[in-house]
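*Asks:* All chains should be built: construct the whole structure from the sequences, respecting the hints.
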Amino acid sequence: MIVRLHAANPGPFTGAGNWTYFLPGENPVLIDAGVGEAAHLDAVAQSRSDGPTHVIVTHAHSDHIAGAGAIAARWPATRFSKYLWPDRDARHGVSWSALNDGAIVAAGDSKLEVIHTPGHSPDHIALWDGETRTLFSGDLVTAATTVVIPATSGGSLTAYLESLRRVLTLAPAKLLPAHGPEIDDPIPLLQRYIQHRHEREVQVRSALDDGLQTIDAIVERIYTGLAPALLPMARESVLAHLLKLQDEGLAEGAGDRWRPL
Numbered sequence: 107m108i109v110r111l112h113a114a115n116p117g118p119f120t121g122a123g124n125w126t127y128f129l130p131g132e133n134p135v136l137i138d139a140g141v142g143e144a145a146h147l148d149a150v151a152q153s154r155s156d157g158p159t160h161v162i163v164t165h166a167h168s169d170h171i172a173g174a175g176a177i178a179a180r181w182p183a184t185r186f187s188k189y190l191w192p193d194r195d196a197r198h199g200v201s202w203s204a205l206n207d208g209a210i211v212a213a214g215d216s217k218l219e220v221i222h223t224p225g226h227s228p229d230h231i232a233l234w235d236g237e238t239r240t241l242f243s244g245d246l247v248t249a250a251t252t253v254v255i256p257a258t259s260g261g262s263l264t265a266y267l268e269s270l271r272r273v274l275t276l277a278p279a280k281l282l283p284a285h286g287p288e289i290d291d292p293i294p295l296l297q298r299y300i301q302h303r304h305e306r307e308v309q310v311r312s313a314l315d316d317g318l319q320t321i322d323a324i325v326e327r328i329y330t331g332l333a334p335a336l337l338p339m340a341r342e343s344v345l346a347h348l349l350k351l352q353d354e355g356l357a358e359g360a361g362d363r364w365r366p367l
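Positions in the sequence shown are counted from 1; adding 106 to them yields this note's numbering.
Since the hints were derived computationally from the structure, they do not count as laboratory data.
Check the hints yourself; a few may be wrong.
In silico lysine to aspartate or glutamate, DMTMM-like type, Cα no more than 25 Å apart, as pairs [what the hints assert, rightly or not]: (1) Lys-280 to Asp-291; (2) Lys-217 to Asp-353; (3) Lys-217 to Glu-307; (4) Lys-280 to Glu-219; (5) Lys-280 to Asp-290; (6) Lys-217 to Asp-290; (7) Lys-280 to Asp-156; (8) Lys-217 to Asp-291; (9) Lys-217 to Glu-237; (10) Lys-280 to Glu-326; (11) Lys-280 to Glu-268; (12) Lys-217 to Asp-207; (13) Lys-217 to Glu-288; (14) Lys-280 to Glu-354; (15) Lys-280 to Glu-237.
*Replies:* What follows is the structure, encoded as structure tokens:
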């Protein structure tokens, strides 16, 4: 049994807000902690009055982890686990048990395998139910849009593409993301994500070849008509592509000046 619970946190960067997933069963587990909104905590309590015994956080971005303290205050016996990112994890006032790639965790009435899927963040994990071929996919993909790779705060496009390809090899039947609807046909979506990044890379390389040297100039070329509030995310995306090209020996940059090689 999987109970999909909204974290009650719509906003400009979270869209309609986050989904968390509660597996009540013999080992009650909540996947992602939300942000501590009372409506979310009450929804967890409606599923099981004594709450989860274990909270697994997919990564340390605030919309997934900030509710840990509120959950611990309401259900003090709760255990908290994630793939560790010490610089971020310590901000939230709970003790974290380390989850490593390949670990098996009891969840509800089944078991889940930890799949390290860095890229969106260095600590990002997905949780794989091999029996049903279902992946709790965190912020790996969404059905309606692309995922930001925050290059200035731990994001890596190289790692992200490797994570997408790794998930493709699992051949999942369903993805349960932290944003947007369930994804019942994930293979074409994962392939589109990889293709989209390839197309964006072609655009970035073309901009460099045409003599555009700054991130802002490349953003202006590629993201025409983008709402001002979304420009910071576009800059992060362009920087992620530039850093990938630099890793591959195809570009080099110092500060905000880049050139092709």
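*Asks:* When the hints from earlier in the document are held up against this structure, which numbers fail?
*Replies:* Hints 2, 3, 7, 10, 14 contradicted; others consistent.
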